[in-house]
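These are the residues of each chain, in order.
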Amino acid sequence: MRLAFILGEIGTGLRRNLSMVVSVVLVTFVSLTFVGGAAMLQQQIGQMKGYWYDRVQVAIFLCGENYGSETCADGAVTEEQRADIEAMMESPAVAQYIESYVYESKDQALGHFREQFENSPIVDTVTADQLPESYRIRLVDPEKYEVINELFSSMPGVDVVVDQRELLEQIFSIMTVASFVSLSIAGIMIVCAVLLIATTIRLSAFSRRRETGIMRLVGASKLVIQLPFILEGVIAALIGAALATGALWAVGQFFIEGKLAKEYPDTAFISSSDVWIIAPGLVALGVVLAGVSSMLTLRRYLKV
Amino acid sequence: MIRFESVTKVYDQKSRPALNDVDLEIDRGDFAFLVGPSGSGKSTFLRLILREDRATTGNVYVAGKNVASVPSWRVPRLRRGIGVVFQDFRLLPNKDVFGNVAFAMQVIGRKRHAIRETVPEVLKLVGLEGKERRLPHELSGGEQQRVAIARAIVNKPGILLADEPTGNLDPATSVGIMNILDRINQNGTTVVMATHDDDIVNSMRRRVVELDNGSVVRDESAGEYTAMIPIVNADGTRELRPAKGIAPAAGGQAIAPFDSEEDEL
Numbered sequence: 001m002r003l004a005f006i007l008g009e010i011g012t013g014l015r016r017n018l019s020m021v022v023s024v025v026l027v028t029f030v031s032l033t034f035v036g037g038a039a040m041l042q043q044q045i046g047q048m049k050g051y052w053y054d055r056v057q058v059a060i061f062l063c064g065e066n067y068g069s070e071t072c073a074d075g076a077v078t079e080e081q082r083a084d085i086e087a088m089m090e091s092p093a094v095a096q097y098i099e100s101y102v103y104e105s106k107d108q109a110l111g112h113f114r115e116q117f118e119n120s121p122i123v124d125t126v127t128a129d130q131l132p133e134s135y136r137i138r139l140v141d142p143e144k145y146e147v148i149n150e151l152f153s154s155m156p157g158v159d160v161v162v163d164q165r166e167l168l169e170q171i172f173s174i175m176t177v178a179s180f181v182s183l184s185i186a187g188i189m190i191v192c193a194v195l196l197i198a199t200t201i202r203l204s205a206f207s208r209r210r211e212t213g214i215m216r217l218v219g220a221s222k223l224v225i226q227l228p229f230i231l232e233g234v235i236a237a238l239i240g241a242a243l244a245t246g247a248l249w250a251v252g253q254f255f256i257e258g259k260l261a262k263e264y265p266d267t268a269f270i271s272s273s274d275v276w277i278i279a280p281g282l283v284a285l286g287v288v289l290a291g292v293s294s295m296l297t298l299r300r301y302l303k304v
Numbered sequence: 001m002i003r004f005e006s007v008t009k010v011y012d013q014k015s016r017p018a019l020n021d022v023d024l025e026i027d028r029g030d031f032a033f034l035v036g037p038s039g040s041g042k043s044t045f046l047r048l049i050l051r052e053d054r055a056t057t058g059n060v061y062v063a064g065k066n067v068a069s070v071p072s073w074r075v076p077r078l079r080r081g082i083g084v085v086f087q088d089f090r091l092l093p094n095k096d097v098f099g100n101v102a103f104a105m106q107v108i109g110r111k112r113h114a115i116r117e118t119v120p121e122v123l124k125l126v127g128l129e130g131k132e133r134r135l136p137h138e139l140s141g142g143e144q145q146r147v148a149i150a151r152a153i154v155n156k157p158g159i160l161l162a163d164e165p166t167g168n169l170d171p172a173t174s175v176g177i178m179n180i181l182d183r184i185n186q187n188g189t190t191v192v193m194a195t196h197d198d199d200i201v202n203s204m205r206r207r208v209v210e211l212d213n214g215s216v217v218r219d220e221s222a223g224e225y226t227a228m229i230p231i232v233n234a235d236g237t238r239e240l241r242p243a244k245g246i247a248p249a250a251g252g253q254a255i256a257p258f259d260s261e262e263d264e265l
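Going down the list, the sequences are from chains U and Y.
To convert, note that position 60 of the first sequence is 60 in the numbering used here; the numbers rise steadily by one, no gaps.
To convert, note that position 218 of the second sequence is 218 in the numbering used here; the numbers rise steadily by one, no gaps.
Everything labelled a hint here was simulated from the structure, so no lab data went into it.
The model shown is predicted, which means the values in this text are computed figures rather than measured ones.
Hints should not be assumed to be uniformly reliable.
To be verified - Straight-line distance between alpha carbons at most 30 Å, and here's what the computed DSS-like set of lysine-lysine pairs gives:
(1) K65/Y / K222/U
(2) K65/Y / K49/U
(3) K14/Y / K222/U
(4) K124/Y / K111/Y
(5) K303/U / K124/Y
(6) K222/U / K95/Y
For reference, chain Y alone in the conformation it holds in the complex:
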């Protein structure tokens, strides 16, 4: 569904590339987490799929098409096949729940009766039935993100990109959002989710692609992710260090926040 062939993206010639020779394939129906620290290239990865940017070298294929060769007037058609959800929801404050979701159908010229039929179905899928007439500021963060998800999937895209969808939400609400994303994935939509949230990645047990400095450093089919590991130094002080590249025995003891041995099995 999404294929990167030795993709390099350079924003600024002087600095290092945002993505460096990335080869990756995400199949139809996959659920993939994209993890890594800020600046590792997660957002660039998503932007290349949406053709907000073009790869400097290499090819990006989305649904079998090389996005670089899609003429600019066909880009809207490409984007209709991709839903996007953001950390900051990006709802229209002056439209109610129904209006926000319907907006995505109106702007691509769907018929009114199709909108009246589809929007309630999707709102039911994300668990917002009965709240059609609420305005965004009358909703909780989790509900707002559900509206955003409903808007992203109302046109039945084959791919759903989520850029830290739980970044602004508390853990309990995040679980609700993840359940919805999982349900959408079960219906056959390919989901790519960029996140910093270790707990979610670890509890979902889905494919994990870790980016660092623009390169794929890890790609596991049912992986875990730990951004920070608390280290007890030789002198007894504790500090958090990035998880990668820390040898547990080297001068300190790594305390993993979860039981990592279970994962090996």
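Only chain U is shown next, with the shape it has when bound in the complex:
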């Protein structure tokens, strides 16, 4: 009986305050979409890190003719120097950091280059001589790049040691900035949502002051008096969270899976199913925001 009664009260409240409820729904929808967007960007960064860190290697580029660096002053790398470098990599002190390494000759480098820039006219102008030989090293722990750099960069015959991860870090930092921007927009929108929920509950409490006055007098408990108001805010926020989840899923399904993943097949993208990891968080956030703001409003504007 009491449950049916409370549900009835909520229904009346929502109907009476329809325009305000709709605006609460929309504002929570937008703010939670931004929160979810930030979360999806972070997911994407995590995904790409996992994907690329397995493939990205440390490259030791060897000297060719007329390379400018100090260690290449003696001209192209010699067989001896190459043997020294390999011996260094095999030595127990260094081998513990290295999972595996491969030698890439100028011809192989050209092959990879052609593969990578398949559709670009630049391919035809590049010859094998223009590309350096290199050792591609996969590290046991990618963070230990500095050790390799120190050991090899000063060796004769080594032009430069490059950690390819650094290139990715730039992309990741751009994405991180984007996710922070998204989060700060979300923050502002959440403030809007909280204030709007507070105003809505206040209006609702005002328009139902006769009912609540009588409820107080006949001895209805605090819970029965306040619950319809709190649930009103929570339900509006829940609808907003559901819409936000739907929007994020649509972005995942149609934009990421349908467009980006097809255009960049060699990049790992999150899929629309990853949204389901974010969704419970969005719902919880919406419910907590609505619940807390309506409770605080009621404490001030609804005497019990």
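Once you've looked at the hints, dock chain Y against the given chain U.
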């Protein structure tokens, strides 16, 4: 049932207290009128019983409990034992008669079959059988007040507080309301009624507690009350003066609107 022990209530430190050192006891089953001019403390008296306010000093006991020591989450339980009726009825305009009365049971979680059984009984008690489906605006003032009374007593409270229940009604309708309150009192409910209506107090011959400036100035078991007495001045003009503190012989002649000598007997 209701006991005030040297109760003082101060709303604003600068002005005089709304209630000043009031000692009073109203027994179970009593019917008491609370009379006095506006601002004399009648409403404060009722609010203290309901624990809408707390006494500044002194203790208020309702049904044996000191209301100041009732924790706030138990206040609803305290209020379930008290019914309240107001001058302005305070019905819900969008609910019909049955719905208004049932509302008081719904919000404290009564079962549906209990509501279906009790509400018609109470409506019959207040003389509204057959009007269950009317909306408040389709009822006369007297009928609306009956609905309000039905709502106040539907949960069988031990105490009924009425704050000028006949204030908006004509004398004939008021008599009907008083009959209902009397009937409720006969069933064992303690009734405390604040009023300005001299005729009602005088015709009911019940206990009268008169408040003035926050103090009890009179408490009679079967008293009468006169708010205003017409005075004929020495120069022949007439005017109405507050009844208290007028010595009949002092310069004018008091004309009492009723025969006060009968009361002495």
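Consistency of the hints with the structure:
1. Distance restraint check for K65/Y and K222/U: the Cα-Cα separation of roughly 21 Å lies within the 30 Å cut-off, and the hinted pair is therefore satisfied.
2. The suggested pairing of K65/Y with K49/U is violated, with an alpha-carbon distance near 69 Å, which exceeds 30 Å.
3. A threshold of 30 Å between alpha carbons decides the hint, and for K14/Y with K222/U the separation of about 34 Å lies outside it, so the pair is violated.
4. At roughly 20 Å between alpha-carbon atoms, K124/Y and K111/Y fall within 30 Å of each other, so this suggested pair holds.
5. Note on K303/U and K124/Y: the hinted pairing is violated, with a Cα-Cα distance of about 33 Å set against a maximum of 30 Å.
6. Between K222/U and K95/Y the CA atoms are separated by roughly 22 Å; this keeps the pair inside 30 Å, and the hint holds.
Consistency with the previously given hints fails for numbers 2, 3 and 5, ordered from lowest to highest.
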